[in-house]
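S.K.: Here are the chains, one letter per residue:
There are 2 protein chains.
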Amino acid sequence: MERRFGFGAACCTIAIAALLAAPGSSAQAHNGWNLMPWPANVQPGQGNLHIDSTFTVGLTGYREPRLDRAVQRFLGQLQRRTALVLLNKPPEPEKATLVIHTGQASKEIQELGEDESYSLDVTPAGAKLSAPNPLGVLRGLQTFLQLVDITPDGFAAPAVTVRDQPRFPWRGLMIDVSRHFIPLDVLKRNLDGMEGVKLNVLHLHLSENQGFRIESKRFPKLQELGSDGMYYTQEQMRDLIAYARDRGIRVVPEFDMPGHSTAWFVGYPDLASGPGPYEIERKWGVFDPAMNPTDEKVYRFLDEFIGEMARLFPDHYFHIGGDEVNGKQWNANPQIQSFMKERGIKSNEELQAYFSQRVQKIVTKHGKAVIGWDEVLVPGVPKDIVIQSWRGQESLAKAAKEGYRGILSNGYYLDLGWSAERHYAVDPMSGPAADLTPDEKKSILGGEACMWSEYVDAENIDSRIWPRTAAIAERLWSPQTVTDRDSMYARMEDVSEKLEWLGLTHRTYYRKMLQRIAGPATPEEFAALKTLADVVEPVKDYTRERTAPAEPTSLTPLNRIVDAVPLESDAARHFRESMDRFLSVSCREPAVQSRLHEQFKRWSENDAAFQSLAQRSSLAREGAARSQDLSTLGDIGLEALAILSKGEPGSDAWRAQKTQTIQNILQPKAQLLLLPATSVLDLVDAVSGGNCTPSSRP
Amino acid sequence: MERRFGFGAACCTIAIAALLAAPGSSAQAHNGWNLMPWPANVQPGQGNLHIDSTFTVGLTGYREPRLDRAVQRFLGQLQRRTALVLLNKPPEPEKATLVIHTGQASKEIQELGEDESYSLDVTPAGAKLSAPNPLGVLRGLQTFLQLVDITPDGFAAPAVTVRDQPRFPWRGLMIDVSRHFIPLDVLKRNLDGMEGVKLNVLHLHLSENQGFRIESKRFPKLQELGSDGMYYTQEQMRDLIAYARDRGIRVVPEFDMPGHSTAWFVGYPDLASGPGPYEIERKWGVFDPAMNPTDEKVYRFLDEFIGEMARLFPDHYFHIGGDEVNGKQWNANPQIQSFMKERGIKSNEELQAYFSQRVQKIVTKHGKAVIGWDEVLVPGVPKDIVIQSWRGQESLAKAAKEGYRGILSNGYYLDLGWSAERHYAVDPMSGPAADLTPDEKKSILGGEACMWSEYVDAENIDSRIWPRTAAIAERLWSPQTVTDRDSMYARMEDVSEKLEWLGLTHRTYYRKMLQRIAGPATPEEFAALKTLADVVEPVKDYTRERTAPAEPTSLTPLNRIVDAVPLESDAARHFRESMDRFLSVSCREPAVQSRLHEQFKRWSENDAAFQSLAQRSSLAREGAARSQDLSTLGDIGLEALAILSKGEPGSDAWRAQKTQTIQNILQPKAQLLLLPATSVLDLVDAVSGGNCTPSSRP
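Heads up: the sequence lines are chains A and B, in that order. Here our numbering = 1-based position in the first sequence + 133. Here our numbering = 1-based position in the second sequence + 133.
I should point out that these hints are in silico values taken from the structure, not numbers from a laboratory. Take these hints with a grain of salt, some might be off.
In this list, chains with the same sequence are indistinguishable; a pair is considered to hold if it fits within one copy or across any two.
As the list claims (entries may be wrong) - In silico BS3-like pairs for lysine-lysine, Cα to Cα no more than 30 Å straight-line: (1) LYS479 x LYS240; (2) LYS479 x LYS516; (3) LYS802 x LYS461; (4) LYS779 x LYS479; (5) LYS350 x LYS222; (6) LYS222 x LYS416; (7) LYS494 x LYS479.
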């Protein structure tokens, strides 16, 4: 759903070129300052606060159990990061190493726009964290945790003064738990990650054609027949909401209607606009079934159901979806057609507007405000609605001009496989929004990263969300002026590791999934698989559907190389950066040449072990052609270096031949892009010019 | 405790030499047959059973909820291993892919010696698992799971006929949860691992000088003052026991007395033989405090306490420890001395025997049978006692001759850092036990691997227990004739990976701990750390205490390289095997020479990135000298290859100089052994002889 971007296959190459355009700096340069999101104000101090097992935390000012739990959680996180044994027995709170002062309580149910500011002062003698309310304390604790690193003298946090508050009040992550069910513990570790990068809304896409994921006690056939037994009980959901509240995170439920709703109809076919029976949908896409907007019993059902859910989910906002109704069932239903005629409803869009208005009234009756995808913004809709824009910044700006509040998700779709850099460049206030009046700008509340789950399950979801969501989180928290790409990557690479210490598994599971693919392999075979996997990425945007070897369904195992590899390759980015430096600065330096030579040689020789693995493992075999391509890139690289070392340009025939070979390699195989191909092409161009400056290619 | 082995520092070199003595075969050779423990009877069939999302399991015969949970757990494990989506909806149980038939119920409380046999028949058309009772089903399911691997045609299990039952009825793992507290979830994942290799007793060492780890409702100061808040509630323990029972594993509690008991005395100083007050002990070793065997109120206390624990722990066996009383408090207490005189008790050993007999009566009164360390075997002790031998096979055989049953732990101490091979060679029936009569042999019930936890915490305990415990488990389950070292290593390496899919973290956390040591490092720096870490091992036996840079305590963080690296290095073993092959077979083959050359070059060049890391991280800096040593080994290796390629022997002076250098490298630094040193020494010897045959060294 919400997925009909207009990118063709050509976009991929462009995206990679954009991804790899600029040189980066190493994480090392930022040692001790790998904060993400970058705070509003940071002033470095002198020296370090040493952290050892005598480290303590004390709470002063306003107290509540949530703060005690926050301190315990923080100590647990610090202990995991450092392995220090922290008994935390300060003589009194004011004498702790880290003294926290909280002004007063936050709201009993977290509200949009609550103060999240804090100030953090670290000196070699101790640290002080102050915040008006517990939300700021939560934010500041995560900043402190990111400051801690290993140093030449053990663990320490650098002396620093931080004054910080968010730029936008709505900083969200949407997880589609319906196409693939995402177990509770996976959501919890993602809440830990969200807390780590100061996100404050978890939006759960709870119903879809492929599954209905929350227990209704009033209408139990929703989950009993619509979920294959994979749903959250109300007790589990209350537990999750409490877990999120402890971390300063609101939970917004979404029930997508009138479309994307086949799973409802398995248990309650009468809600639909066409005759049943219905089954849980196993395929992906937009399907015909939609609720019947002309049937009063549908509204009676929704009244009861929304009432039940409004009691379960304390948040003020209630998401009603509203996207992508194809209208086929409505067109085919004579009763609906005559209803439209009677009422002068001229199009399916108008019919959906009628439905939306009815549902909005129900939501309002139950004390909540509506949020919905672009499509719910129709003339006459009340002003307290919030629009979630998947269509683009244009529609967000238009809504703001009409006085509607909105959040941006266009540009933050994690499943499209964009680079962090590309997401990072999307600013809710840029483009059409830049021309809004200051008052209109206030309507833009922030944004949400969206994790649609066709190709995502409990195992690889972390690596699809993280670390790129940290870059989006920075966009939504940090000042608009924080835009340096190199700094972002350097910090993100470190924060990615720190997120694993918070409990996320995006790095760990990459390796484990490769081990599954390899099976009982020799170390050399496994290394060959990893060498290839490290420099490929899944095809981008919606290419995966189009290039699938067989039609994918919700029962297709996500155990292929394309499911295991990160959506953005660190190794490929590093290689690109090295190559750019090589071509622009250091291509005459023997040491640099020699390192590159080694890299190419490794690629060239990698295929032998890979093919041996491919003979035993069907999952590895799928990558065999890509492995040959990597080997070919290695060979071409070695040839190019040999030419370079002779000091004479490569022949035109050589250049043409190699360029054609690499152009072929630039095409996806096994739904994988081989990232280093563009850089090797640059190298071919450069040596063909007889010098080290890359020729410019369109 | 139980640790006073007589090995000196010299043992280490010998141990390494033993470890590296024989060539191994690759895991690949055993594809599809990586079973561990190896079953009593295995007959290969024709073809494979293909495993895809249509795979189902059906239960026939005797049914109980535990069997349903076992099937669900098995399906979850299979799903994790393969990522297949298994909805498991067979038309009827008899038509499932895997049909299970269970004869009848097992005992309500699992008993020593219950039938654990099963038969498993896999054909390309389906599989059948039959067992007299649920215990055999549990064992057979794990065999099936180990059979599944990735193949050229997807996941499959080879056709096979297995008839299997254990050699010994007591196959245990003892975990010391007192010196370092081990959280409940860590115990649970280790229970999953134990089930995976068919162990059936979890022995928990619940009290020590450094901590008292179980809630007593009758004497709450035991845990309140004796645990730093780190203990299991009774509810948690009941949950753990149920978890273990589901996996066919008994839980045997140990309360060590009269020594090793300081933590009891923090809350109840009157139990001790010397005046208090007492504090939780932070250091390691044997300490003076001991219970007062002459005080009737001690027995009244123990009666109530043992009664409470006997109700909590359903197992028939109750471990009373009994080891290592140094007697100093007894000697210093005039009242105890006069008690001994009055009763004609001539030694502290006799006094302890008196205490043991009193405690045994209490245990018997509460319906349990005593198990204790060697020391509890004193004249006149009842025959239903079980001796756990930490002192040696001699004492086990002696006990058996006297009609006492026993289990072997000598030779299975995991904390000593022995190789799997060395543990594997220890057989409870070998040595002195081989001469026992058949009846006496029946007294030897099996053995227990012991995980003492001075240098073990929640993070690295898995890598201290696994995978070596799989080799011990095979020793205790498989026929005595299953002894091939190469086969063991090949299978263990694969099973090690499979154990991670069951939830263990021995491989994952190795990497994570290295990442903590590296901090925000460049990829090259991290790779340099890993290259070194992969070929070192912690010092063996009790060398760590003797070589510690500062006196270690329970508050010392376990975050050093020595804490992170596995106790047995796969990479070092592979290198040794390669070198042995090289020297004995293939040293004239250019391809093999070239691979070795690359390896030495990598080591030689590794130090540059390591030293850069060492400048930033104090945890890495500790390994700097070892990194230089590895670099030196690389250099020597390169020199040796150069000499070899000339076809002339190296000079005596060269040999002498390199030998001296390597002898120095053989010494531990940073409490780490650099494993490849012995192989490089062999190479030096070989090339100095002017040929490829290694000279024999004493």
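S.K.: State for each hint whether it applies.
M.R.: Here is how each hint holds up against the structure:
no.	hint	verdict
1	LYS479 x LYS240	neither (45 Å within a copy, 73 Å between copies)
2	LYS479 x LYS516	within (24 Å within a copy, 94 Å between copies)
3	LYS802 x LYS461	neither (36 Å within a copy, 75 Å between copies)
4	LYS779 x LYS479	neither (74 Å within a copy, 92 Å between copies)
5	LYS350 x LYS222	between (46 Å within a copy, 26 Å between copies)
6	LYS222 x LYS416	between (56 Å within a copy, 20 Å between copies)
7	LYS494 x LYS479	within (22 Å within a copy, 91 Å between copies)
Taken one by one, the earlier hints fail for this structure at numbers 1, 3 and 4, listed in ascending order.
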